[in-house]
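Student: Using UniProt numbering, you'd call the opening residue of the sequence shown number 1 and step up by one each time.
Everything labelled a hint here was simulated from the structure, so no lab data went into it. For glycine and all other residues, C-beta sits at the position ideal for the given N, C-alpha and C. Please note: incorrect hints may appear among the correct ones.
[Said to hold, decoys possible] In the SDA-like style, the derived pairs of lysine to any residue whose C-alpha atoms are separated by at most 20 Å in a straight line are:
1) K189 to A91
2) K189 to I93
3) K150 to Y199
4) K133 to N168
5) K134 to M97
6) K134 to T95
7) K189 to P79
8) K134 to Q84
9) K134 to L57
10) K163 to R204
11) K150 to T77
12) K133 to Y183
13) K163 to D201
14) K150 to W200
15) K189 to G94
16) K189 to Q88
17) K214 to K227
18) K214 to R202
[To be verified] Computed beta-carbon distance windows for the label pairs:
19) K150 to A104: 26 to 32 Å
20) N132 to E226: 51 to 57 Å
21) K150 to E23: 32 to 38 Å
22) R16 to R99: 43 to 49 Å
23) T228 to A91: 46 to 52 Å
24) R188 to K150: 25 to 31 Å
25) T187 to S66: 19 to 25 Å
26) G220 to T21: 51 to 57 Å
27) G15 to K224: 49 to 55 Å
28) K134 to I54: 16 to 22 Å
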Amino acid sequence: MRVLYERCCAQLAKGRLKQKTEELRRALKGVIGPHQRMMLAEQWRHVEYLDEAIARLDREIEERTSPFHEALELIDTIPGVGRQSAEQIVAEIGTDMSRFPTAAHLASWAGMAPGNHESAGKRLSGRTRKGNKKLRSCLVECARAAARTKNTYLSTKYHRIAKRRGANRASVAVGRTILEMIYYILTRKEPYRELGADYWDRQREASIVRQTVKRLEGLGYEVKLEKTSA
Numbered sequence: 001m002r003v004l005y006e007r008c009c010a011q012l013a014k015g016r017l018k019q020k021t022e023e024l025r026r027a028l029k030g031v032i033g034p035h036q037r038m039m040l041a042e043q044w045r046h047v048e049y050l051d052e053a054i055a056r057l058d059r060e061i062e063e064r065t066s067p068f069h070e071a072l073e074l075i076d077t078i079p080g081v082g083r084q085s086a087e088q089i090v091a092e093i094g095t096d097m098s099r100f101p102t103a104a105h106l107a108s109w110a111g112m113a114p115g116n117h118e119s120a121g122k123r124l125s126g127r128t129r130k131g132n133k134k135l136r137s138c139l140v141e142c143a144r145a146a147a148r149t150k151n152t153y154l155s156t157k158y159h160r161i162a163k164r165r166g167a168n169r170a171s172v173a174v175g176r177t178i179l180e181m182i183y184y185i186l187t188r189k190e191p192y193r194e195l196g197a198d199y200w201d202r203q204r205e206a207s208i209v210r211q212t213v214k215r216l217e218g219l220g221y222e223v224k225l226e227k228t229s230a
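Input sequences plus hints: build the corresponding full structure.
Tutor: Take a look at the structure:
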């Protein structure tokens with residue numbers, strides 16, 4: 001029975017653990033003695049202590065951020081930005097956007113704007129300026145979370161940039177976009193409006209049509225375009 005139990009438990013492994021079924025089986029054969037029980041009990045008490053501390057801090061944060069409830073709710077509408085991220089962003093930039101003339105000024109202050117190093121029209125460096133490290137880190141994490149969303153403008157933008165310039169630059173670029181969105185959301189006091197995953201296609205519709213027609217004609221087809229009603 002014990003052998004069957006070990007096999008069944010090992011077979012429940014998911015992801016990378018599937019490659020370690022033999023190690024899991026050996027681990028499941030282990031015997032827990034008095035010392036191990038004591039150590040596990042201590043670790044469990046420490047986990048409970050941390051849970052209680054987190055709960056206390058969450059209550060304190062909720063109380064202190066209550067005056068900014070409306071702003072937090074608006075920022076939370078952006079894909080990839082959760083409640084905790086919204087709280088951290090508001091803690092760093094506040095809710096009064098009148099301090100920044102434009103969204104670009106806010107992005108530059110936060111260190112999310114690329115360096116302006118160009119020569120003869122060629123960009124020499126795409127490094128971002130120094131800024132608020134905590135805010136920058138939070139926005140990059142939000143960008144990565146947005147990249148995992150489905151059928152959204154931010155996800156599409158991330159993957160478009162990542163394909164050409166890499167994941168790190170895509171994270172910074174989308175993080176900047178999120179910050180600029182927050183600027184307009186707080187200025188207009190309006191929730192995020194989804195542009196859609198096909199936003200770029202709609203913006204480039206004429207170009208896409210020309211390229212597609214040219215490719216088909218190159219293959220020997222005669223193309224006649226007729227737009228159907230939506």
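Student: Would you say the C-beta atoms of R16 and R99 sit inside 43 to 49 Å of each other?
Tutor: holds, 46 Å
Student: Would the hint linking K189 and A91 be met if the CA-CA limit is 20 Å?
Tutor: Cα-Cα ~18 Å, so holds.
Student: Can the suggested window of 51 to 57 Å be confirmed for the beta-carbon pair N132 and E226?
Tutor: For N132 and E226 the Cβ distance comes to about 53 Å; the hint holds.
Student: Using the beta carbons of K150 and E23, state whether their distance is inside 32 to 38 Å or not.
Tutor: holds, 35 Å
Student: Do the beta carbons of T228 and A91 sit within 46 to 52 Å of each other?
Tutor: holds, 50 Å
Student: Under the criterion that the straight-line Cα-Cα distance not exceed 20 Å, is the pair K189, Q88 satisfied?
Tutor: Cα-Cα ~19 Å, so holds.
Student: Would you check the hint for K163 and D201, treating anything up to 20 Å between C-alpha atoms as holding?
Tutor: holds, 16 Å
Student: Are the Cα atoms of K189 and G94 separated by 20 Å or less?
Tutor: holds, 14 Å
Student: Holds or violated: K189 with I93, Cα cutoff 20 Å?
Tutor: holds, 16 Å
Student: With a cut-off of 20 Å on the C-alpha distance, tell me whether K133 and Y183 pass.
Tutor: Holds. K133 to Y183 sits at ~18 Å (cutoff 20 Å).
Student: Taking 26 to 32 Å as the stated bounds, is the beta-carbon spacing between K150 and A104 within them?
Tutor: holds, 29 Å
Student: Can you confirm whether the C-alpha distance between K189 and P79 stays at or below 20 Å?
Tutor: Status holds; Cα separation ~17 Å.
Comparing the model with each earlier hint shows no violations; every hint is respected.
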